[in-house]
Amino acid sequence: MVHRFHTEIAKMYGVTAAVIFFNIAYWVEENEKNRIHYYDGYYWVYCSIHNLAESTHDYLTENQIRRAIQKLLDDDMLYKGNYNKKKYDRTYWYTLTPKAEEILWKIKMRM
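Residue numbers (the numbering used here): 2 to 112.
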């Protein structure tokens, strides 16, 4: 499996956070293209840390992924929500913040 990330994000938050961020940003963009998972003015992606560790990023532990996501949340790069239909489903949803969108826009302008 090939994983990509923006080096500017890696410099700011580390490679693990950059890989997770790229993955979330990719799926948010896909959901926007497909006009799905739109809540509260944002397109969202849902994923559990367990599923990220098991299927998407099998070389990262759940704790590494949890810390990377928390770092991105703490620095206002991601928003976290819960839009599950079933109350017992605790899978979190993530989207990019305006700050993250601005950083990505600047990165794309330099490419």
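In short, the hints are calculated from the structure, not lab data. Honestly, I wouldn't trust all of these hints.
FRET-style restraints, in silico, Cβ to Cβ [as the list claims (entries may be wrong)]:
#1 Gln71 to Pro99: 30 to 38 Å
#2 Asn85 to Glu55: 14 to 22 Å
#3 Asn85 to Trp106: 26 to 34 Å
#4 Glu63 to Trp106: 15 to 23 Å
#5 Glu55 to Tyr84: 21 to 29 Å
#6 His51 to Trp106: 26 to 34 Å
#7 Met112 to Lys88: 20 to 28 Å
#8 Glu31 to Thr98: 14 to 22 Å
#9 Met112 to Arg91: 34 to 42 Å
#10 Asp90 to Arg111: 38 to 46 Å
For every residue, glycine included, the Cβ atom is placed at its ideal position computed from N, Cα and C.
Hint check against the structure, violated hint numbers in rising order: Failing hints, ascending: 1, 4 and 7.
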